[in-house]
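Following the hints, put chain L in place on chain G, whose structure we already have.
There are 2 protein chains.
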Amino acid sequence: MNFSITILGSGAALPTFSRNPSSQYIECNNRHILIDCGEGTQMQMRKFGVKFQRISHILISHLHGDHFFGLAGLLSTMHLLGRDKGITIYGPQGLEQIIRSQLEIGGTKLDFGITFITLDGKSSQLIFEDKLIEIHTFPLKHRVPTNGFLIKEKTKEYNLLGDLFKQDGLSIKFIQKFKNGEDVVDENGKTHYFKDYTTPPPPTRSYAYCSDTIYYENIIPSISNVDLLYHEATFTELHKQRAKATFHSTAIDAAKIAIKANVKKLLLGHISSRFENGDEHLKEAKTVFDNTIVVEDGNNFEV
Amino acid sequence: MNFSITILGSGAALPTFSRNPSSQYIECNNRHILIDCGEGTQMQMRKFGVKFQRISHILISHLHGDHFFGLAGLLSTMHLLGRDKGITIYGPQGLEQIIRSQLEIGGTKLDFGITFITLDGKSSQLIFEDKLIEIHTFPLKHRVPTNGFLIKEKTKEYNLLGDLFKQDGLSIKFIQKFKNGEDVVDENGKTHYFKDYTTPPPPTRSYAYCSDTIYYENIIPSISNVDLLYHEATFTELHKQRAKATFHSTAIDAAKIAIKANVKKLLLGHISSRFENGDEHLKEAKTVFDNTIVVEDGNNFEV
Chain G
342 MNFSITILGS GAALPTFSRN PSSQYIECNN RHILIDCGEG TQMQMRKFGV KFQRISHILI
402 SHLHGDHFFG LAGLLSTMHL LGRDKGITIY GPQGLEQIIR SQLEIGGTKL DFGITFITLD
462 GKSSQLIFED KLIEIHTFPL KHRVPTNGFL IKEKTKEYNL LGDLFKQDGL SIKFIQKFKN
522 GEDVVDENGK THYFKDYTTP PPPTRSYAYC SDTIYYENII PSISNVDLLY HEATFTELHK
582 QRAKATFHST AIDAAKIAIK ANVKKLLLGH ISSRFENGDE HLKEAKTVFD NTIVVEDGNN
642 FEV
Chain L
342 MNFSITILGS GAALPTFSRN PSSQYIECNN RHILIDCGEG TQMQMRKFGV KFQRISHILI
402 SHLHGDHFFG LAGLLSTMHL LGRDKGITIY GPQGLEQIIR SQLEIGGTKL DFGITFITLD
462 GKSSQLIFED KLIEIHTFPL KHRVPTNGFL IKEKTKEYNL LGDLFKQDGL SIKFIQKFKN
522 GEDVVDENGK THYFKDYTTP PPPTRSYAYC SDTIYYENII PSISNVDLLY HEATFTELHK
582 QRAKATFHST AIDAAKIAIK ANVKKLLLGH ISSRFENGDE HLKEAKTVFD NTIVVEDGNN
642 FEV
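From first to last, the protein sequence lines are chains G and L. Residue numbers for the first sequence follow the working numbering, beginning at 342 and rising by one. Residue numbers for the second sequence follow the working numbering, beginning at 342 and rising by one.
No lab work stands behind these hints: they were computed from the structure. Think of the CB as a built atom: it goes at the ideal place given N, C-alpha and C, for glycine as much as any other residue. No false leads were mixed into what you were given.
In silico DSS-like cross-links for lysine-lysine, where the CA-CA straight-line distance does not exceed 30 Å:
1. K482/L x K450/G
2. K450/L x K482/G
3. K450/L x K581/G
So the derived list for chain G, only partly shown, Cβ under 7 Å to chain L, looks like this:
4. A354
5. L355
6. P356
7. E380
8. M384
9. L404
10. F410
11. A413
12. T418
13. L421
14. G435
15. I439
16. S442
17. I446
18. G447
19. V485
Chain G with its partners taken away, still in its complex shape (with noise of 0.2 Å):
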């Protein structure tokens, strides 16, 4: 099964030339999802290729403008180009009045239902779940409240090992228990140990988006041994003192978390205006985690 992030928007608060705004898009399991929404998002999904209308899902991390000012924008579009399948925005205390007050404004009545789900921004929860995924939030430190998100595999069913269980001569009713990891007792009272007929399910994969944030070692139990961990990294070394002013992260504070948590693969975004490229970001992330990539608009990676 698909799970692969495309990131839409990979700079901070003043886009430039090759960086919009935070956005980003997953397909996890056949749920799609889009995390932040800057201005230009849905020129960035047009270019892109991304699908509006598979979007279920919209997490908004922050208030910020450069996180959520292309919200509306999209909705609307959303709207014209016909959607009737409802939507489900998590985000901050005050997404939801802000978005109906710019729809509403312009008279816009949509064809379809957003139901806006408040963060408290306080304590990790789980906020989304079905057969196939979960989603959950966690707090980052910033200026205002601010969530972080992990998008993680349900854990997945046992291989039957068909041949073998099929030259047993099993009843087929056993299946599903055998896939789900349970043993089973058989009307004779025998017992038909599921290990023996199964190999052991596919790792599940997990993706975690930490934007925006200070240095903050109190995610790290959420975001333990991601496959992929994004974290912001506005400011380089240079700039440390001023990364903790405006409560934002180095290269190396994201390193430093990546390998703390034990994470496989680090990104790096939300890259300052004031750098032409990410080759010091990657130069110092790497001297603490190696497994570091400084991601462009456009990139797409599979977890």
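Okay, now just chain L, sitting in the frame of chain G:
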């Protein structure tokens, strides 16, 4: 003196690869004005080399998102770039509240002042003048209160014939009077006629912006004889019922207005995303008014 229009967005409600939502940058006698500010306007300004901080006036025609969803982002960016010079924003009732809410919710306190001036959209009026330019507004007819704008140069001074003036040994106190087109009586009671010492001032130039609107002849007195008219032409004749139903214009509607208002040149914009290019608009408009151009993002026109 300069008088030019840069098209930042020539599209309608749905942005396309080549057309951003509505916005234009006007330079007129060293005044710097933005008309409308759809999502992505700040990126377009950067792309087309428009200097953010020069802008002193922003005119918002109406509160459909494709005409103002870029405003909060632009103001944030002006702030982050260190602006301290105030700005004046003209627009319909409700604009101030929505923009201030968008900024306040993220804790943004601008380092510059915004003066919001509410346009009632009901009558033509002079909304700004200084010694070099005037800005007028006039009602368009759309689904929500909508304003057209007329920017024109102030009547200029008569050109003094310096050599003749000097040769006749007149007092320098007469100069400004002659430039103003006034005759002067000297201390001996003799009248000196300004026409003898001047040539007429160069003609004043003017530009009118009409978007969005249904075909609406009431605007003609406000835009008569302008050098350059931008008129929306969302649709072609094929969709003229749709144009009427949505209070938009066809290319022929725009051309009829242009000819009845005796303008010199017509620019067509606000082209629906359903058209791959403006060829059909141009063909149709030219059957009525020949001096027509369908604009593209990035086009620059001298008035």
